[in-house]
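Residue numbering for the sequence shown follows this note's numbering, beginning at 36 and increasing consecutively.
Please note: incorrect hints may appear among the correct ones.
[To be verified] Computed list of lysine-lysine pairs in DSBU-like fashion (alpha-carbon distance at most 35 Å, straight line):
(1) Lys199 / Lys120
(2) Lys200 / Lys120
(3) Lys66 / Lys120
(4) Lys264 / Lys120
(5) Lys264 / Lys200
(6) Lys199 / Lys258
(7) Lys66 / Lys264
(8) Lys97 / Lys120
(9) Lys264 / Lys199
(10) Lys199 / Lys66
(11) Lys258 / Lys66
(12) Lys200 / Lys258
(13) Lys120 / Lys258
(14) Lys66 / Lys200
[Said to hold, decoys possible] Simulated restraints on C-beta separations:
(15) Ser221 / Phe121: 27 to 33 Å
(16) Tyr229 / Lys258: 44 to 50 Å
(17) Ile57 / Phe113: 31 to 37 Å
Note that these hints are calculated values from the structure, not bench results. Backbone N, C-alpha and C fix where the C-beta goes; we use that ideal spot for every residue, glycine too.
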Amino acid sequence: MQVWIYTIVSVVLVSVISLTGIFFLSLDRNKLNSILLLLVSFAVGGLFGDAFIHLLPESFEKIGTNLTTSLYIMLGIFIFFILEKFIRWRHCHIPNSEKHMHPVAAMNLIGDGVHNLIDGILIGASYSVSIPTGITTTLAVILHEIPQEIGDFGVLLHSGLSLKKALLFNFLSSVTSILGAVISLSIGPQIEGYSLAMLPITAGGFIYIAGSDLIPELQHEVKVSISIKQFTAILLGVGIMASLTLIE
Numbered sequence: 036m037q038v039w040i041y042t043i044v045s046v047v048l049v050s051v052i053s054l055t056g057i058f059f060l061s062l063d064r065n066k067l068n069s070i071l072l073l074l075v076s077f078a079v080g081g082l083f084g085d086a087f088i089h090l091l092p093e094s095f096e097k098i099g100t101n102l103t104t105s106l107y108i109m110l111g112i113f114i115f116f117i118l119e120k121f122i123r124w125r126h127c128h129i130p131n132s133e134k135h136m137h138p139v140a141a142m143n144l145i146g147d148g149v150h151n152l153i154d155g156i157l158i159g160a161s162y163s164v165s166i167p168t169g170i171t172t173t174l175a176v177i178l179h180e181i182p183q184e185i186g187d188f189g190v191l192l193h194s195g196l197s198l199k200k201a202l203l204f205n206f207l208s209s210v211t212s213i214l215g216a217v218i219s220l221s222i223g224p225q226i227e228g229y230s231l232a233m234l235p236i237t238a239g240g241f242i243y244i245a246g247s248d249l250i251p252e253l254q255h256e257v258k259v260s261i262s263i264k265q266f267t268a269i270l271l272g273v274g275i276m277a278s279l280t281l282i283e
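Construct all of the structure, not just a fragment, from the sequences and the given hints.
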């Protein structure tokens, strides 16, 4: 029972991190619009950094640097490509499509939801080993989530969602960590093989979202000064993800 209590409290704390966007509520819309593309740039760096610095090295370590891992990465890219095709088709062909969520926002939420599910599984598995191990894993996940959730929030706003809707949907995508923890504690070692496969698949999804959906949004801006700011924000996102490897 103690393991369950520690695990649930931990994943709830991780989910609350998604509400960091609440600090942007104090900004007026004009000022918010002026920093949206910088937040999107930060998200690009965060997604690339997470994929190439965290998820892929962990995949290579636990699955191996073999064809299987490469196929999982490509599978992740193809899955998100098909998902986006379906979302865009639904957006264009279903009545009242103007009420539907922008495809980029939907893709980002799906990717974030899968990632948080894996985080929940990892936290649950860590607490199953020992409570100190679980606490260490939780702290690492929290440090990892703060910059990513800020970037995700910026992507949702840039996609046209209101502040309140962006906060709500970002939070809903984060509660999958609770589901992951429950699954991990209930099933135990049986889920480990599936969660390992999800690491490179999620990495492929993040690479697709950053490269196919977000970077094209940044290419519309051609002013040198703004482009430099965007590139700096991308490097900041990558840099923060890289620095977390020193802490984890």
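Status of the hints after comparison with the structure:
Distance restraint check for Lys199 and Lys120: the Cα-Cα separation of roughly 27 Å lies within the 35 Å cut-off, and the hinted pair is therefore satisfied. Pair hint Lys200 plus Lys120 holds up; C-alpha atoms about 23 Å apart against a cutoff of 35 Å. For a cut-off of 35 Å, the pair hint linking Lys66 to Lys120 stands: about 33 Å separates their Cα positions. Our distance criterion of 35 Å between C-alpha atoms is met by Lys264 and Lys120, whose separation comes to about 31 Å.
Annotation: proposed proximity of Lys264 to Lys200 holds, straight-line Cα distance about 27 Å (limit 35 Å). For the proposed pair Lys199 and Lys258, the alpha carbon gap of about 31 Å is at most 35 Å, so the pair holds. Annotation: proposed proximity of Lys66 to Lys264 holds, straight-line Cα distance about 16 Å (limit 35 Å). A threshold of 35 Å between alpha carbons decides the hint, and for Lys97 with Lys120 the separation of about 32 Å falls inside it, so the pair holds.
Restraint check: the Cα-Cα separation between Lys264 and Lys199 comes to about 27 Å, which is no more than 35 Å; the hinted pair holds. A threshold of 35 Å between alpha carbons decides the hint, and for Lys199 with Lys66 the separation of about 17 Å falls inside it, so the pair holds. Restraint check: the Cα-Cα separation between Lys258 and Lys66 comes to about 19 Å, which is no more than 35 Å; the hinted pair holds. As the CA atoms of Lys200 and Lys258 are separated by approximately 31 Å, the hinted pair is consistent with the 35 Å bound.
Restraint check for Lys120 and Lys258: the C-alpha separation of about 31 Å stays at or below 35 Å, so the hint holds. With a CA separation close to 19 Å, the supplied pair Lys66 and Lys200 stays within the 35 Å bound. Checking the proposed 27 to 33 Å range against Ser221 and Phe121 shows it holds: the Cβ atoms sit about 31 Å from each other. At about 46 Å, the beta-carbon gap between Tyr229 and Lys258 stays in the expected band of 44 to 50 Å.
A hinted range of 31 to 37 Å for the beta carbons of Ile57 and Phe113 is consistent with their spacing of about 36 Å.
When the structure is compared with the earlier hints, no violation turns up for any of them.
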